[in-house]
Amino acid sequence: MLQQIPYRAGEFARDVPRRLRSYRARTDDEALLIHALGGLTTLLTFVLFFQSSKWTVIPLLGFVAVTAVGWRRQQAEVAKGLTFLTTIATVSILALIIGFLLWESKDIVEHMGLGLLTKAEEPLWGASNEGQIYSLTPMMMGTALTTLIATAIAAPLGIAGAIFISEMAPTRVREVVKPGIELMAGIPSITYGFIGLTILNQYFYAEFRTPTIGNYFAAGIMIGLMALPTVVTVSEDAISTVPESMKSGSLAMGSTEWQTTKSVTMPAALSGVSAGVLLGVGRAMGETMAATVMLSHTKGFPSPAFDVFSNYGETLTTVIAFEGGSASGLQLSALFAGGVVLFFTVMVLSIASQWVEWRMQQKLGGEK
Amino acid sequence: MSNATETELRAGHSTLGRQVALPVLGLAFLTFLATWATTFQWIDETRTVLGMTVLTLFGVALLLMAAGVAGIGVLSRFGFLDTTPSPTAGLPVGIVFGTLWAFIGMAVSLQYIGNTIVYWGPIAFVLGAVGLLTATLPREDIGSTVPSAVLLAVLGGLIVAGVLDATWVYEAEWTGAIFPGSELIPLLVSVATLLGVWSAGKAKEGFGAQGREVGAFYIIGTVVFSMLSVLALLIWFIVKNGLDTFLTGASLTGGHLNVPFASISFPFIEVPFVTNVTGSLFVETPGVMPAVVGTLWLVFGAVLFAVPLGVGAAVFLTEYADQGRFTQVVEVATNGLWSTPSIVFGLFGLAFLVPRISGGNSIFVGQLVLGFMLLPLVLITSWESIKAVPDEYRDASAALGVSKWQTIRSVVIPAAMPGTITGVILGVGRIAGETAPLLLVFGGAPYPSKSPNVVGQFSFSTEPPFITNQALLEPASALPYQLYATITAGVFPRPEIYSNQEFGWGTALVLLLVVLGLYAIGVASRLYFRRKLHYE
Amino acid sequence: MSSNTVDTDQMDSQLTTSGETAEDIEDAWSDYQFQGEAKLSVEDLDVYYGDEQAIQSVSMNIPEESVTALIGPSGCGKSTFLRCLNRMNDRISSARVEGSVEFDGENIYGGRTNLVELRKRIGMVFQAPNPFPKSIKDNISYGPRKHGDLETGLLPSLLGRDDTAEEMDLVERCLKQAALWDEVNDRLDDNALGLSGGQQQRLCIARCLAVDPDVILMDEPASALDPIATAKIEDLIEQLAEEYTVVVVTHNMQQAARISDQTAVFLTGGELVEYDDTEKIFENPESQRVDDYITGKFG
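Residue numbers (numbering that gives the first Met the number 0), protein chains in the order written: chain A, 0 to 367; chain B, 0 to 535; chain C, 0 to 298.
It is worth saying that the hints were derived from the structure and are not from the lab.
Honestly, I wouldn't trust all of these hints.
Claimed, not checked - When the alpha-carbon atoms are kept at most 27 Å apart in a straight line, the in silico DSS-like pairs for lysine-lysine are as follows:
1) B/Lys-239 <-> A/Lys-177
2) B/Lys-403 <-> B/Lys-386
3) A/Lys-261 <-> C/Lys-136
4) B/Lys-531 <-> B/Lys-386
5) A/Lys-177 <-> B/Lys-386
6) C/Lys-175 <-> C/Lys-136
7) A/Lys-118 <-> A/Lys-105
8) B/Lys-531 <-> A/Lys-177
9) C/Lys-231 <-> C/Lys-279
10) C/Lys-296 <-> C/Lys-279
11) C/Lys-133 <-> C/Lys-175
12) A/Lys-177 <-> A/Lys-261
13) C/Lys-231 <-> C/Lys-133
14) A/Lys-261 <-> C/Lys-133
15) C/Lys-231 <-> C/Lys-175
As the list claims (entries may be wrong) - Here chain B is said to cover these stretches of chain C; the calculated rule only asks that three of the stretch's residues, wherever they fall, bring their Cβ under 8 Å from a Cβ of chain B:
16) 137–148
17) 152–158
Treat the numbers as computed from the prediction; the structure is a model and nothing was measured.
Each residue gets a CB set at the ideal place from its N, CA and C atoms; glycine is no exception.
Let's have the full structure, built from the sequences with the hints guiding it.
Listed below in structure tokens is the structure:
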């Protein structure tokens with residue numbers, strides 16, 4: 000294995016000139032010129048835009064001109080170049096997001112050090128006699144609590160819903176329920192938040208005498224309801240990719256439908272279903288608006304930690320949404336650091352779910 | 000069915016079991032519905048029916064269920080019923096009962112003995128073990144009826160005896176909140192009825208594999224039914240609360256439809272809430288027009304930005320790029336973008352775009368940020384649909400001597416269009432309701448008095464950047480942002496017409512109509528294209 | 000739903016379209032006598048997919064402990080017919096079945112049939128091998144485990160009802176019966192999806208045997224396999240006929256001639272044209288259409 004790495008690298012290095020030569024051979028001089036000019040103007044546009052130069056528009060116009068001329072003379076080559084540029088643009092957006100999040104959170108990391116993620120004593124947030132202190136710990140705790148509650152609701156209900164739709168429901172019921180659940184995924188989160196604020200929060204405040212209007216529990220329930228459609232649709236997709244022949248095989252041996260679901264279909268779809276749950280967790284974690292309007296924006300640690308009815312209420316997303324519009328300096332930098340934590344957690348979940356799904360395709364012999 | 004031809008091939012469970020199980024099931028479903036009606040306060044828990052309060056009635060129902068379920072189990076065990084039980088109810092069932100009993104042990108000992116693990120730990124453990132063993136050791140007909148009957152009977156008994164009633168309050172050690180019986184009892188009862196449904200469902204089919212199937216079906220069916228009801232309730236809340244606001248001053252023929260470029264106007268449906276501005280003192284009914292216009296501009300800009308990029312990248316990845324590392328990286332990046340929380344996009348816009356474009360919140364930055372969010376979805380859906388175009392089409396086209404790009408343009412892209420259009424519509428539905436990034440890069444005054452006038456604001460100059468549009472560089476309102484602004488602003492500027500909440504519900508309804516309309520079109524077009532593919 | 004009465008109109012119209020007189024058809028197979036008891040007897044079976052009729056008024060008796068082959072061109076309804084015998088057609092929501100199928104004298108389309116019990120006693124092997132994505136051992140013990148005949152694991156071993164030894168015996172017996180034991184006995188815990196196609200199909204047969212059925216239905220069990228694997232499956236089918244009633248669908252006439260004791264020929268439109276001893280069908284069929292089909296004039 001290890002010896003192979005330099006070998007492969009060498010292979011790749013030898014490959015580059017070959018590719019270049021073959022590219023050169025396949026492309027005539029005019030197309031080459033257009034590619035070069037197109038690439039150059041794009042790069043210049045980006046660099047000038049990055050510098051906030053008012054001259055950005057000049058290379059942009061140049062790019063448009065090159066494209067227009069090229070389109071008339073070398074349509075196929077220009078089309079290929081343009082589609083390549085769009086691909087690069089997509090990847091660079093992600094790279095830019097990562098870069099800017101890290102760059103903007105640099106100040107607070109220098110200022111707070113590791114305390115940014117671990118400091119658990121007062122003061123936690125804002126300027127005080129100890130200077131400017133911004134600790135993300137209470138928000139991480141809040142995100143963990145709401146995500147846990149949301150997952151406790153969305154995962155079992157979502158899986159049950161997926162099983163019901165794909166294995167139990169008669170065709171007619173399925174044809175109504177499935178698009179219905181997809182429609183539910185479309186309800187804007189601010190709407191959920193508004194309902195949660197006016198109905199759920201009031202209910203808990205009036206009947207359960209919560210210390211404030213708004214608590215992690217109510218917000219978690221709402222977020223769970225919002226993540227539910229994601230879990231249902233992704234899991235249902237996974238369950239329905241299990242080949243019918245496998246189910247028939249089990250039924251033909253005299254197992255009941257439920258035994259088939261439990262012992263053949265679900266184990267085969269397990270990785271797809273867990274990918275669905277992971278995606279749902281990601282959605283719940285990144286959910287902003289419902290939590291922003293429902294929580295109290297008081298930062299602190301409930302005691303004991305699982306007291307989800309306490310007067311504290313702030314998550315990573317809500318603090319960004321609530322304070323982002325007016326923050327500056329170190330506080331803004333701290334919000335960006337919150338964004339970094341959020342982004343990388345969700346990214347890990349996303350990559351994990353993709354990996355799990357890839358495993359499932361391998362396991363079922365690549366058939367879809 | 001006790002005639003002589005009865006064999007194993009005929010369903011082999013007795014009618015007596017069925018006759019007891021069916022009423023228990025009916026009672027359990029009714030009680031389940033009633034508990035939720037009580038929680039939603041459609042039924043007042045202090046109301047008396049048949050001389051008992053609703054809560055006492057719940058208790059009686061639980062006792063009846065317990066008796067029925069336990070009766071079937073015991074009769075079956077001693078051979079009076081023709082059933083096909085397995086030797087044991089199984090470990091999963093045991094774990095469920097064990098956990099339930101452990102929790103009961105913990106809650107009770109926490110309340111009456113003290114908040115120390117030395118006390119509640121052993122009690123919870125012992126009760127949990129007893130629960131586990133009583134469910135798993137006996138034969139299935141006992142193991143899956145008697146334990147749930149005991150739980151039902153304990154809860155029902157406590158309620159009927161008046162130990163638990165509407166005035167009883169659970170004051171937990173671990174939280175400042177309190178749990179009054181009027182709210183807690185319906186919840187506990189509804190969980191208990193699920194147990195009853197499960198046991199009775201199993202008993203109805205005579206236990207065994209088929210009993211377990213029916214038990215699972217009833218439990219999952221009930222859960223899914225409740226889930227759908229909750230989601231339907233959400234929509235109903237919005238419609239019920241928003242409709243009054245929405246229809247203020249509305250009439251079927253009061254408005255005018257002006258035909259452009261001709262001075263003709265027809266009477267038309269008038270909905271002032273949708274067509275009026277929000278913050279002006281001169282309109283009779285404040286409306287959400289500026290927000291509607293803002294949303295339209297946002298969506299328009301985002302689509303204009305994301306669709307060419309997404310489709311272009313999909314074409315490159317399927318038609319030009321070698322399938323390997325590079326496409327894999329793009330795929331991971333795209334899925335990453337798709338799952339990136341919306342607020343993070345807002346932060347990015349705030350750091351990268353705002354200082355470079357407008358120096359403050361603006362429509363243009365909002366359009367770009369929403370475009371970034373739409374991009375991965377457009378890419379994923381058009382990628383999928385281009386991949387689904389059969390290679391035969393490409394081969395057939397190439398065999399006719401048509402160049403690669405001509406093939407892509409005239410064969411591949413048209414064939415992939417339906418899927419892409421559907422994806423775009425669904426994506427637009429998502430970004431039209433998106434709020435979080437707008438807070439950071441877009442939103443302006445909470446109650447705008449005019450709609451953004453983008454079309455009329457283009458101006459040209461000899462200085463770079465030559466073309467400017469002031470309206471695009473100013474903040475505005477959009478429907479979801481309007482709802483947020485209404486919630487946080489607290490007081491509506493003209494309380495004599497709408498309260499803050501009334502205006503909010505109205506806005507929520509308009510937003511819901513826009514977003515669900517887009518989704519419905521997306522889902523319908525997908526069904527349409529799918530049918531067309533399959534049957535033509 | 001199901002009716003046992005003969006719809007004479009339908010019968011007539013079907014006969015006129017087939018181009019032969021009623022006597023020809025009747026003579027061809029209705030008086031076919033065989034040795035031994037009838038395990039399955041089908042009477043006036045009609046199957047519809049939506050409005051389309053897939054099986055037209057088929058009646059036949061299938062003798063026990065023998066191999067019955069169903070042959071015919073593709074789309075003639077032979078697989079549909081096979082799937083009626085253990086009611087797998089119930090899975091297809093548009094399928095509708097009329098008529099009766101008696102299994103040991105009991106109509107399986109009568110009311111309140113216990114499908115689980117039925118399919119335990121009438122096993123099925125499918126066209127494409129469909130092992131579960133589990134270990135070879137678990138594939139075999141799946142059926143008995145689901146029927147509560149085998150119990151292994153934590154709880155049964157705590158209760159002293161552990162059947163691990165029985166399980167191993169069963170696995171060995173079934174794999175030997177399916178002529179697979181020698182090839183896999185050293186890797187019983189490997190995933191069954193790692194076996195070759197022919198091995199997978201024999202595993203599916205072994206899995207079916209583990210439930211100890213009376214009848215085994217096979218739907219073109221060798222069509223997805225290479226000649227060597229096919230030969231193994233054919234040997235296996237002949238051996239199974241000593242203990243079980245085997246009904247096998249095939250589109251390969253040589254295969255039917257090699258392995259079966261009696262053969263039923265279905266022709267387009269889902270009608271049973273002739274049913275007789277295999278030798279007779281292949282050497283001297285009564286019906287001209289069967290002769291044409293066998294000699295390759297159409298099909």
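Next on the checklist: Taking the earlier hints as the rules, which of them does this structure contradict?
Outcome noted: none
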